[in-house]
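K.L.:
I would like the entire structure built from these sequences, with the hints used as guidance.
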Amino acid sequence: MSQDLIFGPMAAMALLTFAVLGLIPIRRLGAALAGRVKADDFRFGESPSVPGDVAIPNRNYMNLLELPTLFYVAGLMYHVAGRLDPASLTLAWTYVALRAIHSVIHLTYNDVIHRLTAFALSNVALMAFWVLFFV
1 MSQDLIFGPM AAMALLTFAV LGLIPIRRLG AALAGRVKAD DFRFGESPSV
51 PGDVAIPNRN YMNLLELPTL FYVAGLMYHV AGRLDPASLT LAWTYVALRA
101 IHSVIHLTYN DVIHRLTAFA LSNVALMAFW VLFFV
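In terms of our numbering, the sequence shown opens at residue 1 and continues consecutively.
Among the hints, erroneous ones may be present.
[Claimed, not checked] Pair by pair, the computed Cβ-Cβ distance ranges are:
1. Met1 / Thr108: 29 to 39 Å
2. Thr90 / Gly52: 33 to 43 Å
3. Trp130 / Phe7: 11 to 21 Å
4. Leu29 / Thr108: 12 to 22 Å
5. Val80 / Pro48: 43 to 53 Å
6. Asp85 / Asp40: 48 to 58 Å
7. Gly82 / Leu29: 39 to 49 Å
8. Gly82 / Lys38: 47 to 57 Å
9. Val124 / Pro48: 30 to 40 Å
[As the list claims (entries may be wrong)] Derived pair list, reagent style SDA-like, types lysine to any residue, alpha-carbon separation capped at 25 Å:
10. Lys38 / Pro51
11. Lys38 / Arg27
12. Lys38 / Met62
13. Lys38 / Ile56
14. Lys38 / Arg59
15. Lys38 / Ala19
16. Lys38 / Leu23
17. Lys38 / Pro48
18. Lys38 / Tyr61
19. Lys38 / Ile26
20. Lys38 / Leu107
21. Lys38 / Asp53
22. Lys38 / Thr108
Since the hints were derived computationally from the structure, they do not count as laboratory data. From a predicted model like this one, the values you see are computed outputs, not experimental measurements. Think of the CB as a built atom: it goes at the ideal place given N, C-alpha and C, for glycine as much as any other residue.
P.N.:
This is the structure we're talking about:
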């Protein structure tokens, strides 16, 4: 199996992160033009007066910079060690898909139970991805 296949899910994860990053100024600018926020609301991050629909993309983006770092590291480990196989590649794509589902839920209807389920399942997939490397 080509070890370069791991770069597919890694690129998809990066694309998701950049897409959410692009949503931040769109939501902020839209809220500013509608008079819902002021520039000072973002002076030290986000003030409590920033509406949730404006703050959520930033929170989702920060979330995409946390645990996914372990995904990128493991992806590189698989590539360098030449250990990528169908099971690990499936886990990688599963992780990315679940993170995308989590982001879609978070950025749209934001049901906490649905979001938590996607997040928890993605963490299980990430842990399995790591464990499989060492087994």
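K.L.:
Look at each hint and say if it fits the structure.
P.N.:
Status of each hint after checking the structure:
1. Look at Met1 against Thr108: about 36 Å separates their beta carbons, and that is inside 29 to 39 Å.
2. Judged by the Cβ atoms, the range 33 to 43 Å given for Thr90 and Gly52 holds: they are separated by roughly 35 Å.
3. One distance hint, 11 to 21 Å for the beta-carbon pair Trp130 and Phe7, holds here, with the actual separation near 18 Å.
4. At roughly 19 Å, the beta-carbon separation of Leu29 and Thr108 lies within the given 12 to 22 Å, and the hint holds.
5. The hinted window of 43 to 53 Å between Val80 and Pro48 holds, with their beta carbons roughly 45 Å apart.
6. Asp85 and Asp40 have their C-beta atoms about 53 Å apart, which keeps the hinted 48 to 58 Å range intact.
7. Distance hint for Gly82 and Leu29: a CB-CB separation of about 46 Å, consistent with the stated range 39 to 49 Å.
8. As the Cβ distance of Gly82 to Lys38 is approximately 54 Å, the hint placing it in 47 to 57 Å holds.
9. For the pair Val124 and Pro48, the beta carbons lie near 34 Å from each other, so the given range of 30 to 40 Å is met.
10. In summary, the hint linking Lys38 to Pro51 is supported, as the alpha carbons are separated by about 11 Å, within the 25 Å threshold.
11. For the proposed pair Lys38 and Arg27, the alpha carbon gap of about 13 Å is at most 25 Å, so the pair holds.
12. Restraint check: the Cα-Cα separation between Lys38 and Met62 comes to about 22 Å, which is no more than 25 Å; the hinted pair holds.
13. Between Lys38 and Ile56, the direct Cα distance comes to roughly 17 Å. Compliance with the 25 Å bound is thereby established for this hinted pair.
14. Restraint check for Lys38 and Arg59: satisfied, since their Cα atoms lie roughly 19 Å apart, inside the 25 Å limit.
15. For a cut-off of 25 Å, the pair hint linking Lys38 to Ala19 stands: about 24 Å separates their Cα positions.
16. As the CA atoms of Lys38 and Leu23 are separated by approximately 18 Å, the hinted pair is consistent with the 25 Å bound.
17. Among the hinted pairs, Lys38 with Pro48 is consistent with the structure: their alpha-carbon atoms are about 12 Å apart, no more than 25 Å.
18. Taken as a hint, the Lys38 and Tyr61 pair is honoured in the structure, with Cα atoms around 21 Å apart against an allowance of 25 Å.
19. Our distance criterion of 25 Å between C-alpha atoms is met by Lys38 and Ile26, whose separation comes to about 15 Å.
20. Restraint check for Lys38 and Leu107: the C-alpha separation of about 22 Å stays at or below 25 Å, so the hint holds.
21. The straight-line distance between the Cα atoms of Lys38 and Asp53 is roughly 15 Å, inside the 25 Å bound, and the hint therefore holds.
22. About 23 Å separates the Cα atoms of Lys38 and Thr108, which keeps this hinted pair within 25 Å; it holds.
Of the numbered hints stated above, none is contradicted by the structure.
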